[in-house]
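Listed in order, the protein sequences are those of chains U and C. Taking this note's numbering, the leading residue of the first sequence gets 1, the next gets one more, and so forth. Taking this note's numbering, the leading residue of the second sequence gets 1, the next gets one more, and so forth.
Be a bit skeptical, because a hint or two may be false.
All copies of an identical chain are treated as equivalent in the list; a pair is satisfied when it fits inside any one copy or across any two copies.
As the list claims (entries may be wrong) - Here are the simulated DSS-like cross-link-like pairs (lysine-lysine), alpha carbons at most 30 Å apart as the crow flies: (1) K86 / K220; (2) K103 / K220; (3) K87 / K220; (4) K220 / K115; (5) K129 / K115; (6) K220 / K94; (7) K234 / K220; (8) K234 / K129.
Please keep in mind that the hints were generated in silico from the structure rather than gathered at the bench.
There are 2 protein chains.
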Amino acid sequence: MKNTLTLYQHGTLALLVPGLLRGTMTMGDLLAHGDTGIGTGEGLDGELIILDGVAYQVQASGAVNIVGNDFLLPFGNAHWADYQPKKTVTNLSKQRVDRQVPKDFSAENTFFSIKITGKFSQVITRAVKKSDPPYQTLAQTADKQQLFHQKDVAGTLLGYYSPTLFDGISVGGFHFHFLSAAHDFGGHVLDFSVAQGQLAIQKFNTLEQHLPTTDPTFMKHSFDHDDIIGSIAKAEK
Amino acid sequence: MKNTLTLYQHGTLALLVPGLLRGTMTMGDLLAHGDTGIGTGEGLDGELIILDGVAYQVQASGAVNIVGNDFLLPFGNAHWADYQPKKTVTNLSKQRVDRQVPKDFSAENTFFSIKITGKFSQVITRAVKKSDPPYQTLAQTADKQQLFHQKDVAGTLLGYYSPTLFDGISVGGFHFHFLSAAHDFGGHVLDFSVAQGQLAIQKFNTLEQHLPTTDPTFMKHSFDHDDIIGSIAKAEK
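Next comes chain U alone, as it looks inside the complex (with noise of 0.2 Å):
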């Protein structure tokens, strides 16, 4: 039976901040955790969505396209998909959403997903460009991303909450990345404001932390002198 009270997690952001961008996990491996789920490819290549068991990628010119088994992740969540219950929201910004629905839910202290299905008035995203070793920061790489501005356009949101207890492990409040219906526009999602759409929330009471301990470059990294709250916070909002 699948286990829909489980996030699963890949890696850390806290691992990006100071570059640790190999991919260190398959797409196949982080789909056996998941039909749903958010990440990067090696060296902060595009930003990932999973939907229904899809992986689709963002990249820095705007594709958007669908990738395989094979593919290398160095940062990834997911879980199995079981919202519930469906709200209709109508004229419902990202300041809103990042304010209220915790509390609207009762939700502040634990991980949970948050996926918004219709039409927006507008979504703003950005994705990274791919970079080679040796990487760089996330701050100097995130620098390397290229925005888009959509107006009026019909997708889903996807988005995880992480209880500011866990900061480092993930990114305190919510992390949304975006796909058009026509899969034609997406990515790391800056802003929003839904037109009309339907909410719903899958609460969690397990984070599955999986580390790359295989990775001897994580392996053998000094955290001490990275900025990690800092960084995400300014890569990641």
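Chain U is fixed; fit chain C onto it per the hints.
Then chain C, alone, in the frame of chain U:
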């Protein structure tokens, strides 16, 4: 097949800081995740150590007893033992273990367990006295602790190491509990020195972090004003 690469954790030390001390998991449920572990009871009711599937409680009186499956915990770690390789050690201090073992085993950035069985020239432990609701903070509750100082004692030291990246979820560095071979002394370890013993570690690649999402007190608590890291460092080290 039992997964020997996963460390299971119910609750986090961060939850104890503001006094979320209600028992939210039974020992029976914790033992389903391993035959080896540490923890504390509801209201910080003593110091727990699980060895070979048996859960021992060291009370503030110094008494050691076996707890049953109904015993409730606000916090616990468990894993399936598979320690290797064993190494003979002599005249080994806590300070040296803290400083050298993570480096010697190239395990500074992942979770691992350490077990030392043998003769200790000294072990200093503490055990906290159970509090009743309304619970006070960890700092206040930890003040109601009893210290024990034993020389020339045979027994088992069980520790978990957490990377500093995961401060808050755990104690960055080691968290040790001890049980004497005679089952008449033990607790949360403040200091030790091994005269002669066998040391072995078990590296994990996954932390399975379970949260007490069915406890409304936890779910409604605001951690914004809790000095998590500072309080853990003071109370647990």
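For each hint, the structure was consulted:
For a Cα distance limit of 30 Å, the shortest separation of K86 from K220 across copies, 23 Å, qualifies, whereas the shortest one inside one copy, 45 Å, does not. Taking CA atoms no more than 30 Å apart as the test, K103 paired with K220 passes between copies only; the shortest distance there is 9 Å, against 40 Å inside one copy. In this homomeric assembly, K87 and K220 come within 30 Å of each other (Cα to Cα) only across copies, at 23 Å, whereas the closest approach inside a single copy is 47 Å. In this assembly of identical chains, the alpha carbons of K220 and K115 lie at most 30 Å apart only when taken from different copies (23 Å versus 37 Å within one copy).
Within a single copy, K129 and K115 get their C-alpha atoms as close as 26 Å, which meets the 30 Å cut-off; across copies the closest is 45 Å, which misses it. Taking the closest pair of Cα atoms, K220 and K94 come within 30 Å of each other only across two copies (23 Å); inside a single copy the shortest separation is 38 Å, beyond that limit. In this assembly of identical chains, the alpha carbons of K234 and K220 lie at most 30 Å apart whether taken from the same copy (25 Å) or from different copies (28 Å). In this homomeric assembly, K234 and K129 come within 30 Å of each other (Cα to Cα) only inside a single copy, at 17 Å, whereas the closest approach across copies is 44 Å.
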